[in-house]
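**Q** Protein chains in written order, with numbering that gives the first Met the number 0: chain A, 0 to 91; chain B, 0 to 383.
Just so you know, not all the hints are guaranteed correct.
Only pairs whose alpha carbons sit at most 25 angstroms apart, straight line, appear in this in silico SDA-like list of lysine to any residue [what the hints assert, rightly or not]: (1) B:Lys292 - A:Leu17; (2) B:Lys292 - B:Ala119; (3) B:Lys160 - A:Ser2; (4) B:Lys292 - A:Ala38; (5) B:Lys160 - A:Pro63; (6) B:Lys160 - A:Gly81; (7) B:Lys160 - A:Ile68; (8) B:Lys160 - A:Asn62; (9) B:Lys160 - A:Leu66; (10) B:Lys292 - B:Phe97; (11) B:Lys160 - A:Ala8; (12) B:Lys160 - A:Ala74; (13) B:Lys160 - A:Leu86; (14) B:Lys292 - A:Val13; (15) B:Lys160 - A:Gly22; (16) B:Lys160 - A:Ala38.
The hints are simulated quantities; they were obtained by calculation from the structure and are not laboratory data.
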Amino acid sequence: MNSWINLTALWQIVVVGLLAGAGLPALFAVGLRALNTPAHGVRTVTATGPDAAAESDHVYGGNPAGLAIAALCFAIVLAAIGWGIYLIVSST
Amino acid sequence: MGNTAVLVLVVITALGFDFTNGFHDTGNAMATSIATGALGPRVAVALSGVLNLVGAFLSLSVAATIASGLVDTHVVTLTVVFAGLAGGITWNLLTWFFGIPSSSSHALIGGVIGSTIAAAGGSGVLWHGLFSKVIIPAGLSPIIAGLIATIGTYLLYRISKNVTAGARNHGFRIGQIGSASLVSLAHGTNDAQKTMGIITLALIANGTVGSTANAPFWVILSCALAISLGTYAGGWRVIRTLGKGLVEIEAPQGMAAESSSAAVILLSSHFGYSLSTTHVATGSILGTGLGKKGATVRWNVAGRMATAWVFTLPSAGLVGAGGYALAHGIGGTAGVIVDLVILIAIAGTIYLKSRKTAVSHNNVNSEWTGSVAPSESESEPVAA
């Protein structure tokens with residue numbers, strides 16, 4: 000701690016920033032991956048030519064367990080954002 | 000008792016600064032979403048404008064901070080505030096013309112510090128506050144934001160490796176819109192308040208309100224509207240540099256960049272640092288280029304920006320000091336009016352020059368050919 004740099008604030012910004020700024024999007028990606036899981040396990044990769052499934056915009060792969068995991072991930076992300084905004088408003 | 004005519008001019012100029020602040024910074028939130036096609040250019044600026052408006056009302060805790068911790072409020076007069084604003088506006092317009100995303104906050108702070116030095120000498124400036132609250136955070140914040148964005152980008156690509164390309168683009172574009180919206184909200188919360196603080200400072204200097212007063216409601220409303228309209232006007236030149244010039248961006252990178260920016264801005268303002276949203280956003284976008292294997296980072300563009308950042312405080316300060324010297328030399332209301340006429344002339348000249356190499360929602364995403372002005376042949380229309 001010195002008078003030029005508030006080290007306490009600095010490391011908190013780095014740690015909480017990593018959790019919120021990199022962790023939450025990572026969780027979103029986990030949700031997206033779960034949502035996109037095909038109904039029966041692993042996706043079969045076509046060897047050649049444009050893969051029809053890969054080109055499609057359909058995010059939901061058809062796996063109910065994946066859907067549940069995705070819903071949980073997205074809910075946590077939204078809750079964290081809501082909590083953050085609440086903290087800002089309430090600090091007024 | 001104060002001078003009502005000068006006060007009115009100061010308030011108008013402050014709102015003018017707020018407007019330039021808005022359009023200079025649209026890109027911080029929306030450049031990556033526009034570049035990846037997550038949002039049409041006009042939808043993006045409209046969304047950002049509305050969220051800036053909401054953000055300005057969200058938190059009103061930072062009433063009159065920007066100047067009170069940096070300069071000795073006892074030496075601040077209306078003319079000092081006015082000259083400081085003139086310095087901030089001039090630098091904002093110049094950097095916008097060259098498509099350089101420099102910090103509006105630093106332009107304002109630099110202008111006010113310059114005019115304060117001209118009015119009262121170096122002792123009128125709280126140097127320790129300036130270094131610990133502005134300059135050191137300005138150096139650290141892009142690095143921290145860049146680090147978070149690098150790690151975020153790496154994680155996003157790693158985790159979504161097996162997701163089909165179509166689904167990945169679709170999903171991350173939605174995430175990107177969400178995170179960019181948060182940056183807009185944070186921008187309204189931070190930057191609109193800086194102008195509210197300046198106008199409140201002017202009201203205090205004029206004796207219109209007491210020295211402990213909070214920003215009156217009309218100040219909050221007019222600042223919120225000015226920054227929101229400025230954002231909607233869209234600083235297409237800066238958007239282009241951030242979205243196309245620095246790094247070629249894909250949807251997952253955009254989401255990582257915006258999430259990092261939102262987190263760093265909101266956390267830092269929680270600790271009372273009046274950070275530059277621009278520095279944070281630029282650091283994040285650079286970081287997202289580092290986090291993806293094979294992404295091109297145009298370091299020459301980054302270098303030009305960093306150079307502009309270093310010059311922002313002193314340049315705006317020089318204009319602010321010059322503005323004060325002139326207005327003070329002529330004296331009274333006439334001095335401020337002469338300043339204002341010169342300011343309008345400068346703004347008009349820059350605007351007219353910008354028309355020759357106009358960047359708009361039509362060509363903002365054209366291929367980057369080494370400068371902010373898109374080459375004629377390669378400009379292609381963008382679906383709005």
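**Q** Hint by hint, say whether it matches the structure.
**A** For each hint, the structure was consulted:
The suggested pairing of Lys292 of chain B with Leu17 of chain A holds, with an alpha-carbon distance near 20 angstroms, which does not exceed 25 angstroms. A distance of roughly 53 angstroms separates the Cα atoms of Lys292 of chain B and Ala119 of chain B; the hinted pair therefore is violated under the 25 angstroms criterion. Using a Cα cut-off of 25 angstroms, the hinted pair Lys160 of chain B and Ser2 of chain A is violated, with the two alpha carbons roughly 45 angstroms apart. For the hint pairing Lys292 of chain B with Ala38 of chain A, the CA-to-CA distance comes to about 31 angstroms; that exceeds 25 angstroms, so the pair is violated.
A C-alpha spacing of about 21 angstroms is found between Lys160 of chain B and Pro63 of chain A, which places the hinted pair at or below 25 angstroms, so the restraint holds. Restraint check: the Cα-Cα separation between Lys160 of chain B and Gly81 of chain A comes to about 29 angstroms, which exceeds 25 angstroms; the hinted pair is violated. Between Lys160 of chain B and Ile68 of chain A the CA atoms are separated by roughly 18 angstroms; this keeps the pair inside 25 angstroms, and the hint holds. Our distance criterion of 25 angstroms between C-alpha atoms is met by Lys160 of chain B and Asn62 of chain A, whose separation comes to about 18 angstroms.
Restraint check: the Cα-Cα separation between Lys160 of chain B and Leu66 of chain A comes to about 18 angstroms, which is no more than 25 angstroms; the hinted pair holds. Proximity of Lys292 of chain B to Phe97 of chain B is assessed by CA-CA distance (about 30 angstroms); at most 25 angstroms being required, the pair is judged violated. Using a Cα cut-off of 25 angstroms, the hinted pair Lys160 of chain B and Ala8 of chain A is violated, with the two alpha carbons roughly 35 angstroms apart. Distance hint between Lys160 of chain B and Ala74 of chain A is fulfilled; the C-alpha atoms sit about 22 angstroms from each other, no more than 25 angstroms.
Only pairs whose Cα atoms come within 25 angstroms are accepted, and Lys160 of chain B paired with Leu86 of chain A is rejected, the gap being roughly 34 angstroms. For the suggested pair Lys292 of chain B and Val13 of chain A, the alpha carbons sit about 24 angstroms apart, so the restraint of at most 25 angstroms is met. With a C-alpha separation of about 17 angstroms, the suggested pairing of Lys160 of chain B with Gly22 of chain A holds against the 25 angstroms cut-off. Pair hint Lys160 of chain B plus Ala38 of chain A holds up; C-alpha atoms about 18 angstroms apart against a cutoff of 25 angstroms.
Checked against the numbered hints given earlier, the structure breaks hints 2, 3, 4, 6, 10, 11, 13 and satisfies all the rest.
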